[in-house]
Amino acid sequence: MSGGLTFRYTIDGDDFTRAGEASSSVKNKLKMLGLSADVTRRVAIAMYEGEINMVIHADGGVITVAVSDSEITMVLADTGPGIPDVEKAMREGYSTAREEVRSLGFGAGMGLPNMKRYTDEMQIDTVVGKGTTITMKVRL
Amino acid sequence: MNTYKFVRSVQLRESACQGCINCIKYCPTQAIRVHNGKAHIIDKFCIDCGRCIHYCPHHAKVPAYDPLSVINHFKYTVALPAPSLYAQYNNLSSVDIVLNALLKLGFDDVYEVSAAAELVSEASREYIRDHMDEAPFISSACPSVIRLIRVKFPALISRLLPIKAPVEVAAEIARARAMKKTGLKPEDIGIIFISPCPSKVSYAKAPLGIEKSNIDNVVAIKDVYPLLLPHMKHDDSQLDPISSSGRIGIGWSNAGGEAGGLLVENYLAADGIVNILRVLEDLEDEKIHGLAFIELTACSGGCVGGTLTVENAYIAAAKTKRLSKYQPVAKNHLADNPEVENMYWADNVEYEPVFRLGNTFRESLQMMSTVEELTARFPGLDCGSCGAPTCQTLAEDIVRGDAAPNDCIYVLRSNIADLSHKIEHLTDGKSAGEPLTEDEDRLLHRYIHELTTELASFGVPGKSGKKGV
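Protein chains in written order, with this note's numbering: chain A, 1 to 140; chain B, 1001 to 1469.
If you're looking for bench data, these hints aren't it; they were derived computationally from the structure.
Even for Gly, the Cβ is constructed at its ideal location relative to N, Cα and C.
Wrong hints could be hidden among the right ones.
What the hints assert, rightly or not - Dumping the calculated DSS-like pairs for lysine-lysine here, alpha-carbon to alpha-carbon at most 27 Å:
(1) A:Lys88 to B:Lys1287
(2) B:Lys1044 to B:Lys1075
(3) B:Lys1233 to B:Lys1287
(4) B:Lys1005 to A:Lys137
(5) B:Lys1205 to B:Lys1233
(6) A:Lys116 to B:Lys1287
(7) B:Lys1075 to B:Lys1205
(8) B:Lys1104 to B:Lys1005
(9) B:Lys1181 to B:Lys1005
Said to hold, decoys possible - If the Cβ cut is set under 10 Å, some of the chain A residues that face chain B in the computed set are:
(10) Asn28
(11) Leu35
(12) Tyr48
(13) Gln123
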C-alpha cells in the first residue's frame, strides 16, 4: 500500500464520556484529505458504532485506520468476551447491552447492522473468551 | 459573488495587538495565527463568529460596521431594528418608545425585523411540515452557522432551512413599501439594519443563499443605543403606534426563540459556538434522532449575545421576555405581505473544502503523512508559542508552506542543545589556553554561526522586528 497512511487509536473501556473521540479524529482527518462528504460520513458512523461497542462490551481495544488510494480500512481489535452467535448479533434490535448502558441511550441493537450498512465490506473474526476483530472497508 | 466568498467583519487593530495567544486558542475554526508578534486572521477559515472579539484582552479584534452617518447617503432611509435592540433598555414598557425615537433620530421610517421574523416562522412551519421526511432542518438565520457548515460539515448543507433570514425579508418589504410610498428609485432608499452582530455586515456584502442582499448598510446597536436615549418618550399619548410584532417575532432575539416560533416540541436549540460545534458533530454522525428542527446561534444567549450589543446577554433575554409578555403570539402573516415574492433561497450553498491540505487526494495524503511525522516531533503541549493554536496546526501550516519547524520553541531548543553539545565535544580534552587545530577552529566557527542563525530565526512576540533577521 504505497503512499498510504495509518492511524492508530487505543480505546479505553467503560468511559462513555470519551467514546467517539477516535471516530471524530478520523472524520476530521478525512475532511482534510478532501474526501467526499459521503465517504467521510460513512466511515465516521461505522467507526463510531464500533468504538462504542468496544467500550460497552470489550473494555476497550485498538482501532487502526488505513487510508490508501482506493479504500479506507478500519480494523477494530479487542480482547473482550467475543460474540457467541454472530448471525443473531447482526440482527437489528438484538442487543446484549446491560441495563445501565441502555439507560444511557446506547445498546439499541443497531451497532453491527449499521456498521455493515455504512461500509462496503465487513468481516467479523471472533473467538468466545478471546476477543473480536472487525475489519471494515469503505471504497473511495 | 465568488470574489467576496470569504468576506469577514472581524478586523485586527494592529497597534493594540500584543501578540499573545488568547485569540488563537479561542478561535473555533483555528483561523488565527500570531506571526511576528501580531495576530492575523486566515480569511477562508474565519466564520465571522466574533469569539475572538469577546476574548481578546487587549481589544485588538474589532468588528467592522457602518457609522450612523450612512443615513445621509440616501434621500429616504428605513431603520430595521433587530429585536435585540429593545432588550438593551431598562424598564421599557413598549416597543413603540424605541421605534418613535428612531424616527426622531433621523430615519424616515422603521420596519421591525421581528415583524419579518414572524413571516419566516410561518414559512418555516410550512416548509418543515411539507418536508418532514427530510428532517431535522437546521436554522439558517445566523450567518456564522451557515459559514461553519459550509466549510466543515458538507453532509449537513442539505439540512439548512432554505429560507431567507428575517432581516433579509424585512429589507425586501421595507424597500418595496418605501418605493410605493415615496415614488423614489430603489437606489435612493437606504435600508439600514441596526444589528447586534458583525456577521450581518459580512452577510449584507456577501449573502449566502441569495445573490444580492436588500440591506444597504449595517450599523451597530451599541452606536445607536445611547443616541436614542434623549429621544425616548415614555408617555403613551406622545407615541405613534408603529410596532407590529408579537411574542414570536420579539422572541427571535433570544436563544430558543426561533425554535419556539415553530410551535413544535421536537426541537433542539443550542447557542454558543463551542456548543453548536458539538451538536453539528453529533448530527453528522447521525447520533441525533427524532427531531424536526435544530436551532443554532453562534453567540451565547442567542442574538442578544452579539458583540455589537451593550447589555449582558442573559439580562437582555430576561428583558425581552418581559417586554413581549402581553403581546399576542404573532401579528404578521404571509397572506398580508404581498411585497415578499419569495421566502426561499435562490442559490444553493456550496461546500468550501478550505481545510483540505492539498489540491488532490494523493497530494493531501502525502501532506498528511508529513503532518503526522512532524506532529510526532513536537512536544504536544499545544503551548501556542509558535503562533499556531496546537502542535498539529503548526504541522499543517508547515506542510502548507506557512511556517517552519523551528517556529516550535522546543524544536529550536533541542537544535541549540545539539550544537552546544558539539561545541563542548570539540573543545573536550583541550586544556585551557591550548590552541585549536585549523580544522577544529573552522568547525567551531561553523557551529557558532549555526547557533546564531537558530536563535535569530525565533522571533520574540512583541519584541523583535522580523523573523530571520
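Verification of the hints:
Our distance criterion of 27 Å between C-alpha atoms is met by Lys88 of chain A and Lys1287 of chain B, whose separation comes to about 24 Å. Straight-line distance between C-alpha atoms of Lys1044 of chain B and Lys1075 of chain B comes to about 37 Å, which puts the hinted pair past the 27 Å bound. Restraint check for Lys1233 of chain B and Lys1287 of chain B: not satisfied, since their Cα atoms lie roughly 52 Å apart, outside the 27 Å limit. Between Lys1005 of chain B and Lys137 of chain A the CA atoms are separated by roughly 36 Å; this puts the pair beyond 27 Å, and the hint is violated.
For the hint linking Lys1205 of chain B to Lys1233 of chain B, the alpha-carbon distance of about 35 Å lies beyond 27 Å, and the restraint is violated. Restraint check for Lys116 of chain A and Lys1287 of chain B: the C-alpha separation of about 17 Å stays at or below 27 Å, so the hint holds. The suggested pairing of Lys1075 of chain B with Lys1205 of chain B holds, with an alpha-carbon distance near 21 Å, which does not exceed 27 Å. A distance of roughly 38 Å separates the Cα atoms of Lys1104 of chain B and Lys1005 of chain B; the hinted pair therefore is violated under the 27 Å criterion.
With a C-alpha separation of about 35 Å, the suggested pairing of Lys1181 of chain B with Lys1005 of chain B is violated against the 27 Å cut-off. For Asn28 of chain A, the interface hint holds, since its Cβ comes within 10 Å of a Cβ in chain B; the closest pair sits about 8 Å apart. The interface hint given for Leu35 of chain A holds, since its Cβ lies 7 Å from the closest Cβ of chain B, which is under the 10 Å cut-off. With a least beta-carbon distance of about 5 Å to chain B, the hint placing Tyr48 of chain A at the interface is held under the 10 Å criterion.
For Gln123 of chain A, the interface hint is violated, the least distance from its beta-carbon to any beta-carbon of chain B being 23 Å, above 10 Å.
Of the hints listed earlier, those the structure fails to meet are numbers 2, 3, 4, 5, 8, 9, 13, in rising order.
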